[in-house]
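Chemist: Turn these sequences into a full structure, and let the hints guide you.
Line by line, the protein sequences give chains A and B.
Residues 1 to 262 in the working numbering are what the first sequence spells out, letter by letter.
Residues 1 to 381 in the working numbering are what the second sequence spells out, letter by letter.
Mixed in with the good hints there might be a few duds.
If you only want the chain B side, here are some residues facing chain A, beta carbon under 7 Å, derived [what the hints assert, rightly or not]:
| hint | residue |
| --- | --- |
| 1 | Glu4 |
| 2 | Ile7 |
| 3 | Leu8 |
| 4 | Ser11 |
| 5 | Gly56 |
| 6 | Ser58 |
To list a few chain B residues with every Cβ distance to chain A over 10 Å, as calculated [as the list claims (entries may be wrong)]:
| hint | residue |
| --- | --- |
| 7 | Pro186 |
| 8 | Glu290 |
| 9 | Gln307 |
What the hints contain is simulated information worked out from the structure, not anything from laboratory work.
By construction, the Cβ of each residue, glycine as well, lies at the ideal position given by its N, Cα and C atoms.
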Amino acid sequence: MNFIVCVKQVPDTTEVEVDRESGTIIREGVPSILNPFDEFALNEAIRVKEKTGGRITVLSMGPPQAQEALRKCLAIGADEAILLTDQAFAGSDTWATSFTLARAVEKLGKYDLIFCGQQATDGDTAQVGPELARQLNIPQMTYVESIEEIDDGSVICKKETDGGYQRVKSGLPALLAFISTPAFEPKIPSIMEVMGAKSKTLSQWGIDDLGDEDGDYGLDGSPTQVIRVYSPPQRGEGVIIEEPPEVAVDKLIEYLESEGII
Amino acid sequence: MTEEQKILRSSIRDFAESEIAPVAADLDESGEFSVELTRKMADMGLFGIVVPEDYGGSGMDYLSYCIAVEELARIDGSQAATVAAGNSLGIGPIYYYGNEQQREEWLPRLCCGEILSSFGLTEPDAGSDAGASRTTAKLKDGKWVINGSKIFITNSSSEISGVCTVQVVTGMRDDGRKEISCILVPNGTPGFTAEKMTDKMMWRGSDTGELYFEDCQVPEENLLGGRGEGFHQMLETLDNGRLAIAAMGLGGAQGAFEMALDYTREREQFGQPISTFQVNAFKLADMAVEIEAARALLYKACRLRDQGESFSKQAAMAKLYCSEVMGRVVDQAVQLFGGYGLMKEYQIERFYRDYKLLTIGEGTSEVQRIVISRKIGCYDV
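Modeler: Given below as structure tokens:
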């Protein structure tokens, strides 16, 4: 079977700096990691491939330095990696990103499953996976925790819902967006695997490789225009009233009145 | 750094933080050598890093090896020591000087972590004066008969120690000096006893042994390389080993610096974080500078070696400088921790102790200065 895993390199910090001029994240000087949700998705792909056999291709759109994240994917167990990198892709929103990924998936040809992380820890939109499925016109399952069964024609997934779990079946090809589980321990590649990754193919594709020059690429192809990015104002410390309910209610009313809320 | 080296660094860092950090303090306290952890390090490919894949190694260069040791030492000196000694002193001589049969017999088992090997050089009365070795090997009926003793030998007395490269006197040369050779002696050979040395101040989670040879017999073909080549083999082995010891100093300094920086940014006195007092901020700035300089020096020495150039002087410089930088960094770091830095509850206390071996083992700081002063021509007058 042919599996495609879409990954993103993200800054390794919760305190990302924002460029006030462009409203985009400053990536220079910030250590980068593989998006943890994508890492989970890749591990699930590797687990499934061990049973079914086949080939895992990792796909990412990003700047040239995202090669490092792809090299790590190869060390963890992917067979091949492709980096979609071109000045023309710069400034993409989720729609342009999924459009670009979709062209690459089509160029790759036959595939059975696309694995995505539910969201990236930098933008947190959780849109690229579903949009990619829409662009390719294939079924999608989101909030997937694991693949329970898979055969030539269908896949059964366990997906999280607000109240518990659903077991969902889909035909193939399909796209799965994975959440991570608390018990998940990322695979640490050994030195042999790091060295083994060196001999695997890591290609770079630009707009000329994908074709459709007038398509929704980059900033021009993005319906979303970022007007301003800003950090939310810090919330003040809360007030905790530690009294028995009969006393606490009076104190609460007194407090709300003093603040002019009631 | 290459992409592979960056991934290697992050892999070993992840491994050290998730597998070693949680147990390092306990192993230090109990003085226990962990076979389980050693095997996990072997599964990561940490033994035989520079050995070609044909023998079960990882086939990386020396800079990669030192990056791996640096990352281990950032978390725990003992485990870094097991790996550094395992590669430089254990695997190194067998790989570089062993014949094909010896390589095939030992390297795959060493690289997969089934066994550890050690380098028996230091003797109770032959430390810096390594040429004063008194352990002898006499050839008799196709066998070497070994008598003598060795001390402070890392990885020699654990339950998975499998073989020791023992430096012995095999006769007298025509010029009246001792003929020194290296012989492979498997642990368990009758007449060879390895006793674990306990109550160490540092590297308490690593294995250190005292070795005794009493009419210990091994086949003639256990000679490593040629007869009389032992002294040269030892000098080369120590050149390599110095790079790894330097990496331990660098990594240990890095770990201590990070702890000190984190602590001083949290700890408040007089109503402000103590890192914002200039007297402390300058200490941290000096640490950062020295660590950066130490890293540049060590990596340069590694690159020279990887390019096949002479690196002996730079190896001695790196070993001297990195180990002494760690000394200065841990000293200031404990100072910044104040009273807490004296308690075992804080990891910095262990770093403070572990550092001390680095200015003594594999050539003291004084011996490094002898090597360097010779190389720069002080005595060529």
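Chemist: Now, for every hint given, state plainly whether the structure supports it.
Modeler: To see whether the hints hold, each was checked on the structure:
About 6 Å separates the beta-carbon of Glu4(B) from the nearest beta-carbon of chain A, less than 7 Å, and the hint is met. For Ile7(B), the shortest C-beta to C-beta distance to chain A is roughly 5 Å, which falls under 7 Å, so the interface hint holds. Interface hint status for Leu8(B): upheld, as the beta-carbon distance to the closest one in chain A is roughly 5 Å, under 7 Å. The restraint placing Ser11(B) at the interface with chain A holds, with a minimum CB-CB distance near 5 Å, inside the 7 Å limit.
Violation of the interface hint for Gly56(B) is found here, the shortest Cβ-Cβ separation to chain A being roughly 9 Å, above the 7 Å cut-off. Given the 7 Å rule on beta carbons, the hint for Ser58(B) holds: about 4 Å separates it from the nearest Cβ of chain A. Listed as outside the interface, Pro186(B) is consistent with that label: its C-beta sits roughly 27 Å from the nearest C-beta of chain A, beyond the 10 Å cut-off. Every CB of chain A lies more than 10 Å from the CB of Glu290(B), the least distance being 22 Å, so the non-interface label holds.
Every Cβ of chain A is farther than 10 Å from the Cβ of Gln307(B); the closest lies at roughly 19 Å, confirming the non-interface assignment.
The structure fails to meet hint 5 from the earlier list, while all remaining hints are met.
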